[in-house]
Amino acid sequence: MSEPRGRTLAEKVWDDHLVVKGEDGTPDLLYIDLHLVHEVTSPQAFDGLRVAGRPVRRPDLTIATEDHNTPTLAINRPIADLTSRTQIDTLRTNAKEFGIRLHSLGDVEQGIVHVVGPQLGLTMPGITVVCGDSHTSTHGAFGAMAFGIGTSEVEHVLATQTLPLKPFKTMAITVEGTLRPGVTAKDIILAVIAKIGTGGGQGYVLEYRGSAIRALSMEGRMTICNMSIEAGARAGMVAPDQITFDYLEGRPHAPAGDDWVEALEYWKTLETDDTAVFDAEVFLNADELEPFVTWGTNPGQGVSLSENVPDPSLIVDANDRATAERALEYMALTANTPMKEIAVDAVFMGSCTNSRIEDLRAFASVIKGQKKAENVRVMVVPGSARVRIEAEAEGIDKIVEAFGAEWRFAGCSMCLGMNPDQLAPGERCASTSNRNFEGRQGKGGRTHLVSPLVAAATAIRGTLSSPWDLEQGEPGGELAAGELSAGELAAAGSATTSKAV
Amino acid sequence: MHAVSIITGVAMPLARSNVDTDQIIPAVFLKRVTKTGFEDALFYGWRQDPDFVLNAPEFVGAKVLVAGPDFGTGSSREHAVWALRDYGFQAVLSSRFGDIFRGNSGKQGLLAAELTEADIEKVWAVIDAEPGRDISVDLTTKTVSIGDLTLPFEIDDYTRWRLLEGLDDIGLTLRSEAQITEFESRRHSWRPKTLPVK
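Read top to bottom, the protein sequences are chains A and B. Numbering-wise, the first sequence is residues 1 to 501 according to full-length UniProt numbering. Numbering-wise, the second sequence is residues 1 to 198 according to full-length UniProt numbering.
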């Protein structure tokens, strides 16, 4: 017997889903509680089932939405792009044939799969969640083990509701302190990725801990877990607490009655034990954090907004230097330019990273009563039809339109440009999404990853900006002065919870 | 997945080395939504040349591809295996395979048999002498027979076992179906269910 050692949150969830323990180097067989499906990575999986004559084992643990290809304008018209239309039509046929619940374009529950799951109360602590999408890590915000899988694995889960997997290593990311107004969850995760690099989390499941994480709303925690994959990790998790339970209670698929009581009792056991040991640990101070933006073509290439574009010649590692040089060339940036002098052509407010109601509220709190900068195209895309309805009930659509921005229908949209929402070659965008890869938002497009607050301030000024840069008297400008009303501050900050209707 | 033991059929030579998966199937075909029907995409670029071996009447209906070294390198696309399988190939012989391609092959029931480069050339010589003749690939004895030749090939024991048993990944997991069912019987009622719709 080894010395008694506690378990991490990740290890607890893993152990509770072991169907078969692997031996002699064979993987464990893990049970999957919730399988999310969308139109891009599922067609061949269903076709594989068809070829082998296999049914979907648990349609009642599976849910599909249309999100990657869907248009965000004129959603009542047929999809113009043939490939997109084929993928959507194929999902509809497959869902019908295999008895899968599907929320199609136009349905009130349609939206980005990672917004829909939590909103329905399907995502809950201590469960395993998979989806053929790398941003499945989002659901880890609830203390779930959630990760992206490939199409063959999608087929595997459809057929068996299990996956053969080798255990991940564990990494603690501890963020202590208090975020200043104007600094949000997005800034935390961008700073984390800049610190550990895009490969730093490889092979690990990350657990975000510390007072700054505990103070975050569920939306903020989802933003952080969402981008775990950008640090190279398959999954990111936050231990559930009262904020988690309050978010879940009363949602359509959340446990109710005796089930709620029983679930709650279990969920409260899901903290990492004091005697548990992580394979790696990283620390970050929230007090010092500023609004954070990327300058390059991977999410690890980021700096505080008050800094300058880095000078590649000062980078010691030859590979990193070459990567930085190539990134600056693609981004058409000159070393040592103040980040705040970079002018943008577009602002994209949306994606599974930042398209929940709290994100839209934060964005609206800054732009309210303002006009967008001339020559900047601003697009606001709610994460789900439900979020859109909720935002409209609060008048956010009117604030967005009065600002001069476009208010769209729900979907992945310009985050990856699989639908018509794309940047033109050479266009520069401040985007609340998760990837600034070359061509990600459209061929030749240039992406700066930012928080909703930075997106809003940038849309006002036309150059990369945070609410700290806005004039006194402008609503966002008051953030810095601390004169914002309690409600607005809560909406713009990061310590609130909200509940979709 | 069908069990594989002895594959007998026309052998088609592909006397090229480093045939990467982009050559086996170009990226443009990855947009499709099916896992079958890729036969028309196999070697799409090369088959536009009427003299390409795939277009030779002697090799119509070939079941065994006899390729040069480093077959299936490059992109991880499973479509490369699907295209070979859909065209009718059941085995590929080469002296070296790309790792991912070899793994994908095993999972899809395509036999990737490793012969020495010298033996591959012997097989080519027999085919050259009489194009269109049959070859026999015997997984039980790990040998290839063509004409008077009988040559050994290598395949890892695990993949061989899976092919002989006809087990794909899902088939393997379903051997633990009793444990899965047992696990499900213990699943708490509060854990998520998508149906019925609430």
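To be clear, the hints were calculated from the coordinates, so they are not data collected in a lab. Ideal Cβ positions, reconstructed from N, Cα and C, are used throughout, including at glycine. Among the clues, some could well be false.
[Claimed, not checked] The list that follows gives simulated cross-link-like pairs (lysine to aspartate or glutamate, DMTMM-like), each with its CA atoms no further than 20 Å apart:
1. Lys198(B) to Glu392(A)
2. Lys169(A) to Asp274(A)
3. Lys198(B) to Asp259(A)
4. Lys193(B) to Asp16(A)
5. Lys107(B) to Asp28(A)
6. Lys193(B) to Asp274(A)
7. Lys21(A) to Asp40(B)
[Stated by the list, open to error] Footprint (simulated), chain A over chain B, 3 or more residues, beta carbon under 8 Å:
8. 166–176
9. 184–192
Here's how the hints hold up against the structure:
no.	hint	in the structure
1	Lys198(B) to Glu392(A)	23 Å, violated
2	Lys169(A) to Asp274(A)	18 Å, holds
3	Lys198(B) to Asp259(A)	16 Å, holds
4	Lys193(B) to Asp16(A)	18 Å, holds
5	Lys107(B) to Asp28(A)	18 Å, holds
6	Lys193(B) to Asp274(A)	32 Å, violated
7	Lys21(A) to Asp40(B)	43 Å, violated
8	166–176	holds (count 7)
9	184–192	holds (count 7)
The earlier numbered hints that this structure contradicts are 1, 6, 7.
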